[in-house]
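S.K.: Here is what each chain is made of, one letter per residue.
2 protein chains.
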Amino acid sequence: MEQVIKIGLLGLGTVGRGVYRILAENRENIRQRVGIGLEIKKIMVRNLDKDRGLSLPEGILTTNIQDITNDPEIKIVVEVLGGIQPALDYVLEALNRGKSVVTANKDMVAEHGQRLFKAAQTNQCDLLFEASVAGGIPIIRTLKQSLAGNRIDEVFGIINGTTNYMLTKMTQEGCDFKDVLQEAQAKGYAEADPTADVGGFDAARKIAILASIAFNTRIPLQQVYTEGITHITPQDILYANELGYIIKLLGIAKNRPEGVEVRVHPTFIPKDHPLAAVGDAFNAVFVRGNAVGDTMFYGRGAGELPTASAVVADIMDAARDIIRNVPGIIGCTCFKQLPVLPVGETLSKYYIRLRVADKPGVLASIALVFGNKEVSLKSVIQKEATGKTAELVLVTHRVQEQNVQDALMDIKQLSSVMEVANVIRVEGEE
Amino acid sequence: MEQVIKIGLLGLGTVGRGVYRILAENRENIRQRVGIGLEIKKIMVRNLDKDRGLSLPEGILTTNIQDITNDPEIKIVVEVLGGIQPALDYVLEALNRGKSVVTANKDMVAEHGQRLFKAAQTNQCDLLFEASVAGGIPIIRTLKQSLAGNRIDEVFGIINGTTNYMLTKMTQEGCDFKDVLQEAQAKGYAEADPTADVGGFDAARKIAILASIAFNTRIPLQQVYTEGITHITPQDILYANELGYIIKLLGIAKNRPEGVEVRVHPTFIPKDHPLAAVGDAFNAVFVRGNAVGDTMFYGRGAGELPTASAVVADIMDAARDIIRNVPGIIGCTCFKQLPVLPVGETLSKYYIRLRVADKPGVLASIALVFGNKEVSLKSVIQKEATGKTAELVLVTHRVQEQNVQDALMDIKQLSSVMEVANVIRVEGEE
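Top line first, the protein sequences correspond to chains A and B.
According to UniProt numbering, the stretch in the first sequence is residues 1 to 430, in order.
According to UniProt numbering, the stretch in the second sequence is residues 1 to 430, in order.
Hints may be right or wrong, so weigh each one.
All copies of an identical chain are treated as equivalent in the list; a pair is satisfied when it fits inside any one copy or across any two copies.
[As the list claims (entries may be wrong)] Cut-off 30 Å, straight-line C-alpha distance, at most; resulting in silico cross-link-like pairs (BS3-like, lysine-lysine): (1) K378 / K187; (2) K169 / K412; (3) K187 / K271; (4) K6 / K336; (5) K378 / K118; (6) K336 / K412.
These aren't lab readings, by the way, just hints derived from the structure by calculation.
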């Protein structure tokens, strides 16, 4: 048996640097916990000369992927490049050469999971991706192993730190979306092009991965209904607060007899829900299983060391499997093909904010339309009546989305309705 | 390869019934996730005729342990009897016969872990015990695998549901310990003899197990400082609230350069700490690692199905290892021998409530004693001054426990001090 397992690292950005540092700083603990030493033999980077603030051994860097994929001594390839290509080609090449792969790449796993798992299975390698969702929070292994005895009914959570930071600020300080985005960009929490975060696309990739594991059914990314937070106003946050809710961007996956719901959108959740207290850039994932009941997993969803913590745990698992000669012990678990329901068939409660004429009979006409479409109202509050216009804030009972959309189409036609100002789903209560 | 892995179940009480039900209800999911079917072949019970509300196959029950330990077809033994004996003998016998063991027995694991792990290692079997701590919350596997790349600095949490239910009631309703205990007993949350829960002994076993794993050092139960909640009064809860804290019974384990601290006691934690929101009978464990930062794991710490969820996950892992012929892939991890610090050497802040004479100069004389013992005070509030007596509520800065005890010895001698009414540690803030 080898005394050291050698690793090839693809990428030395934020996460790559974290992986390097943890393997160095916690070396002795890690060696004893795995039963064998772990050593990074080669690191592929684009630029050999960039200063990375690490003291690296002579000759460890390379710009040539083949120095890693062609090296039979390297048993584990760790991909922290991000993006689809060239990461995908490199990972497939590594798997095809019998190397186990650890990746933090949510884009690649969400969009090409099937191909990757097939390659891993064919070559009897581990393909581990704990770091691809919710950074340091061990949610993948929890779903695949710790809750494996359950039928998972729901997984939903705060899986994008940038938008949670922004919504926390908006809630605490009453500021609007544009200002808080600028601040988040200035602090480095949001990128120059913030679309992936504020548009919900980052969260969509992550909930697609979580739902695929929870429901044993591969969820194609394009079937994830995705809505960002750009339309959330201080007004909505205020009304949420008055009604006993807080607004969070959630990734939501539910397993219903008719099929699975997978969606990302801003959501009203009750203030006493465990997710409501998750502020700033923290992530948390709530899981409901038919045996375990309600559980929640909380931690940092991004950052150099938290994400690297997940990567290193996967490296250690891959190493254990290599020592025992059982890579692939837990492989792809998508053995079902449950249908993904179109968003019109999803069930939710809805907060609806309307700007209407401030005159008698308006509420009656609106209530009539909802009634016709079988949308039952839980509460109606009239706000900001000026004599000319008023705001109507409605919360529905649980109803199929299509009914709400149909009702809103009709409501928009009413002469007394100036605007459907916002529609936000309500979750997390019976 | 076998088509079904056969299981022997020891005990058919609450948890045993849950295990039986989950394996039946989620049978197909479990089979697909493991890659092989799981079947309970024999169940050992004390009384064959008791009605358990399950429809059991003819002949599955036995009162004879040898029907399980002597049966070569049975590969996994699941122990849910509780208590030390005869569980310990049965488990050792099972391990010595090469069977993997899954147990929910915190008493046995906390007190006889070393013997058990040695037997598991000698016989190359799995010994899995996720259900022994915090019911359905997957904290053992998380520490052993998912956070294995970290140096764990702290583990602390709410690991006794009964006392958390009682403290939640006392906080919400202002009632006193005795009344809430009666109510908890009436509802079946507390046992007729509540000592194990309210005395902190149940939590002590669990934190001993968690600390052993987190710090890779076997923690003898007798070295866990243990203090229950019987001395917590509505007054303390009120003052905690005023000062921005909430009182929880915590198991606490810290890894310091001088050694490890492992203790159970009622604790002030800040209201905005993630553990503060964990109410009723829920459990939650907070873990701080040097890479991952702060994480928290929340769920039901007891009950038929939540505990059984953890047992079944362990059974599935044991089955995977048997299929691949690698039982024991993650065995005992106590490869260090860090010293456990005596309670006098632990570091904490302290809330101290004194009943004193209501006259000038009292505070000065008390402050002088604390100063002499190098205990620095963060805040002092005088309460309930009646002209005769007053209550002094003090919160210290972080200090070694021995200094506080020494100061209190001297303070008790002061003629102006009637009573040291309570001393409660403060944790969870910098």
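S.K.: Hint by hint, say whether it matches the structure.
M.R.: Each hint tested on the structure:
Taking the shortest alpha-carbon separations for K378 and K187, neither the intra-copy value of 41 Å nor the inter-copy value of 33 Å comes in at or below 30 Å. In this assembly of identical chains, the alpha carbons of K169 and K412 never lie at most 30 Å apart, being 32 Å within a copy and 49 Å across copies at closest. In this assembly of identical chains, the alpha carbons of K187 and K271 lie at most 30 Å apart whether taken from the same copy (28 Å) or from different copies (27 Å). Within a single copy, K6 and K336 get their C-alpha atoms only as close as 36 Å, which misses the 30 Å cut-off; across copies the closest is 25 Å, which meets it.
In this assembly of identical chains, the alpha carbons of K378 and K118 never lie at most 30 Å apart, being 48 Å within a copy and 61 Å across copies at closest. For a Cα distance limit of 30 Å, the shortest separation of K336 from K412 qualifies neither inside one copy, at 41 Å, nor across copies, at 69 Å.
Going through the hint list in order, the structure does not satisfy hints 1, 2, 5 and 6.
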